[in-house]
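S.K.: Working from the sequences, and respecting the hints, build out all of it.
So the sequence shown is numbered by my numbering: it starts at -13 and just counts up by one.
These are calculated hints, taken from the structure and not from any lab test.
There are no misleading hints in this set.
Restricting the straight-line Cα-Cα distance to at most 27 angstroms, the calculated cross-link-like pairs of lysine-lysine (DSSO-like) are:
hint, residue 1, residue 2
1, 58, 36
2, 58, 30
3, 58, 32
4, 47, 58
5, 36, 47
6, 32, 47
7, 30, 47
Just the calculated beta-carbon pair ranges, DEER-fashion:
hint, residue 1, residue 2, range
8, -3, 41, 16 to 22 angstroms
9, 17, 38, 26 to 32 angstroms
10, 34, 8, 18 to 24 angstroms
11, 2, 63, 27 to 33 angstroms
12, -11, 63, 27 to 33 angstroms
13, 38, 8, 17 to 23 angstroms
14, 37, -12, 24 to 30 angstroms
15, 35, -3, 14 to 20 angstroms
Backbone N, C-alpha and C define an ideal beta-carbon position, used for all residues, glycine too.
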Amino acid sequence: LQRGLNNCFAYDLVPAVPTVEAALRAARRVNDLPTAIRIFEGLKEKVENKGQYQAYLDELKPLRDELGVPTKEEMYGQAL
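M.R.: Below you can see the structure in the form of structure tokens.
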């Protein structure tokens, strides 16, 4: 899982939503919550602005709720 994520985030492009969904499901399947949270940290670094990051969060909100994956901001109360 982590090797695949390293390859995915190594490119200049931001991963598509279905790719992020599959990665989140895989992380929860192997019970690796820290990796699931770090996926969002990686997205935050890859996108060009806060609006794009918020769009990812909004689109992935139902899946995050289903899998119980918080973001770092939700856990520690930091601003986007």
